[in-house]
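Visitor: In order, the protein sequences belong to chains R and W. Per numbering that gives the first Met the number 0: the first sequence = residues 0 to 453. Per numbering that gives the first Met the number 0: the second sequence = residues 0 to 346.
Warning: the hint list may mix true and false statements.
Covered by chain R, per the in silico footprint, the following chain W stretches (three or more residues, Cβ under 8 Å) [what the hints assert, rightly or not]:
| id | segment |
| --- | --- |
| 1 | 83-97 |
| 2 | 185-192 |
One-sided and incomplete, this derived list gives chain R residues near chain W with beta-carbon spacing under 8 Å [unchecked claim]:
| id | residue |
| --- | --- |
| 3 | P346 |
| 4 | Q351 |
| 5 | L356 |
| 6 | A358 |
| 7 | S359 |
| 8 | F364 |
| 9 | V367 |
| 10 | P370 |
| 11 | A385 |
| 12 | I442 |
| 13 | L444 |
| 14 | P446 |
Hints were generated in silico from the structure; no laboratory data involved. Idealized CB from N, CA, C, for every residue including glycine.
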Amino acid sequence: MAYNLKKTLPPLIFTLHLFLHIFLGARGWTMPFELFNLMLLLTNFVVMIILMRGSADFLLGTGVMILIAGHGLLGQKLAPDSLSSGAVLTVNILTLYVGIKIWQNLPCRHFAAFAISYLLLFYIFILRMQNAEALFLLALLGLAATARSFKLLAYFWALVASFSFCQPYSWEALIISFFFLKVMFSLRGKLYFPAAPLFLVSGLLLLFLVLLPTLALMIGEDSRSMMNILKLPEVRDAIRLTAITATISTAILAAFCVPLAYALSRLEFFGKTFLLSAIDIPIIIPQSAAGIAILKVFGSQQFLGETIFNFAGIRFDGTAFGICLAQIFVGLPFIMKGAVAAFDSVPPGLEQCARTLGASSFGAFWRVALPLAAKGVAAAAVLAWARAAGEFGAVLFVAPFPETAPISVYNRFTAAGLVETAPLVAALLFFSLALFFLLQWSIRLLPSTRREED
Amino acid sequence: MGAYLQIENLAARFGTFALGPLSMELGKGDYLVLLGPAGCGKTSLLRTLAGIAPLWQGNVVLDGLEISTLPPERRRVGYVPQHSELFPHLSVEENLAFGLAYAGLSRKELKGRVGRYLSLFGLEAFSRRYPGTLSGGESKKVAIARSLIVEPRLLLLDEPLGMLDHNGRREVLDTLRMVHEELGATAVHVTHDRHEAWRIAQTCGVMSDGLLRQLGGVAELFRIPRSRFVAEFLGGTNIFPAEFNGCDAKLDWANFDLGFAPGVPRGWVLLRPERIRLAADGEQFQVRGTLRSIRDYGEFIELEVSVAGDTAILALHIGIDSGVSLLPGAELHLAWNRDAAHPLLED
């Protein structure tokens, strides 16, 4: 039966095609002497000969013949000219080829995914969107290229969905969904414990809440307006001032907090728990309250502020010193917490060993504890720097002028509105994110205390 | 002029645990193994000697110098902790060179010294590796080399063979022998494993509850334990309560002639299993008993013989006595010479 079918089906299809070509042409349904239709007939004949000689994939060949015949029958109803009709035919043959290969070589769920994807694309581009045939062909090319693997298919659908449903945030949606898929496909480890991947998914969803506004801001602004705004002298001054004050604040914090963190990690004393909690105060109180609190003590009308001015000639309100003071205030918990945890992870036995080898207690700190805690301390310092550079509330009360970058953003927004401020914010975001990731990456090169398992 | 290491009335307190008072002496080049069960204060003693744990009272004189008041970096006492504690951020050769930074050597001398110790400890192949990639035995050897390279006057080893696999133990044991015999280091090695002591020790001490119970040569400690604790800890079985009367020891099930007067009214008698034999026909025997069980270890046979009610004694036999049928329930005559029984005067 199968043998007969193989011998008889190709000539049958060709004969049908020939009959329709002539008969329907005579009745004026198609154009029998049009070049495209004649070429289809010729191609159909060639494929039939190849199939009859038994040297080709029967399923594929027959399918191609039916496609050719169908296209010949429909003629140019599908597309306005021969070129477009040819394109449609090519894409259809490619889709057929991929479909048959998937059917033959892969488990049938792949074929099911392929077929469902095809129907969905048809629904989206032909039925739902009007006049989107070209897009449909493009999508079919993408489907043909990706259908052989679920992973690629998922990326393909993320692309299609981002651009057809997520306007005007299509690029943001694309980046986020690709990131999400990359995470999911790279999942390793305790997959037999399904709670963890579930938690991961739910956590990522929340993370996107953070990512979306950030990405939208960065992608939404064109680079020229960002460059223009960065050329403004007041913007440059604000960024320079922010970078300098945040760096000085972080240096001061590191100089005092790293030794303090070591002491807290190594010593037990009365009030240690209280001290560790007190470190969190700047996180707990609102930033505006922090600003007022600083002014209440260090303001020029206050006793301590006045005294410092009389002795050292330094004022805090409205000066860079005040900016640093506010930044130190809010940055302190970040560096302290990280540094204490970093020193806690260094076993005291290592320092004791260093002592028996001749190192003084300072030597043991400098050559053993500090290098081993360096990674955590540096990460904490980066966080403190970022916190200091981004501080708005406290700085606004202590020193609204000279303008730091966050204050400059606020002033610009109140004066000129959202549209004028967005390019500046986008530029700042690029700048700070680039710096942040660069620092994070360089921290990875530092030694760590983690010991490999035996 | 006293001994090389003199410890006098050393005492320390760690929480509720009290160490000492404890006194002992050690000659130059001696290798002392301190034995004791977990929690007996072995590690605390080492840490106190190294100066990384505080000392309450007492004197420690090392090579004629009072060190108990010195900070650890000036004591010149090497300490190899149980977990090696190699510096994970430094390679093996940098670990070795760590202490040499304080020795005032030139760069060339330092390199030479590190190279010499690497080859001495068979660590050349590991010189650039990091501690995280070393096996337990390799780490331990690096830790020992790191301590010895600064030429300490005393080396303290905390369970150096603990938590190692068979090969690691042998490797480290060879290293320790080399340290003792070729480098002539004076060392205190603490462990809970008596077999470890027999493999390497010259002098041996037994500790319990923060106190040094007995100190002596390995053979002496094993043959003439002073107390029941020491005898039991060193693997002694057949320990029976006894009353002493002159040269006689009176047990529940027999009377022994010790050959000397212990001088205390009561104590224990240790009857060495390997000195008990089956009496030949017609030979005078000490006790008659019933064979309870027999276990063949290949090298020797262990017989458990009940002699009076619940009391059972173990006898170790080398070779099988063909004249006796050794089946449980058989009646046996056990004999031993006078020196098989040893009185234990303290608990």
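Visitor: Against this structure, judge whether each hint is valid.
Guide: How the hints compare with the structure:
no.	hint	verdict
1	83-97	holds (count 5)
2	185-192	violated (count 0)
3	P346	holds (7 Å)
4	Q351	holds (4 Å)
5	L356	holds (3 Å)
6	A358	holds (6 Å)
7	S359	holds (6 Å)
8	F364	violated (13 Å)
9	V367	holds (6 Å)
10	P370	holds (5 Å)
11	A385	violated (26 Å)
12	I442	violated (14 Å)
13	L444	violated (12 Å)
14	P446	holds (4 Å)
In this structure, the hints that do not hold are numbers 2, 8, 11, 12 and 13, in rising order.
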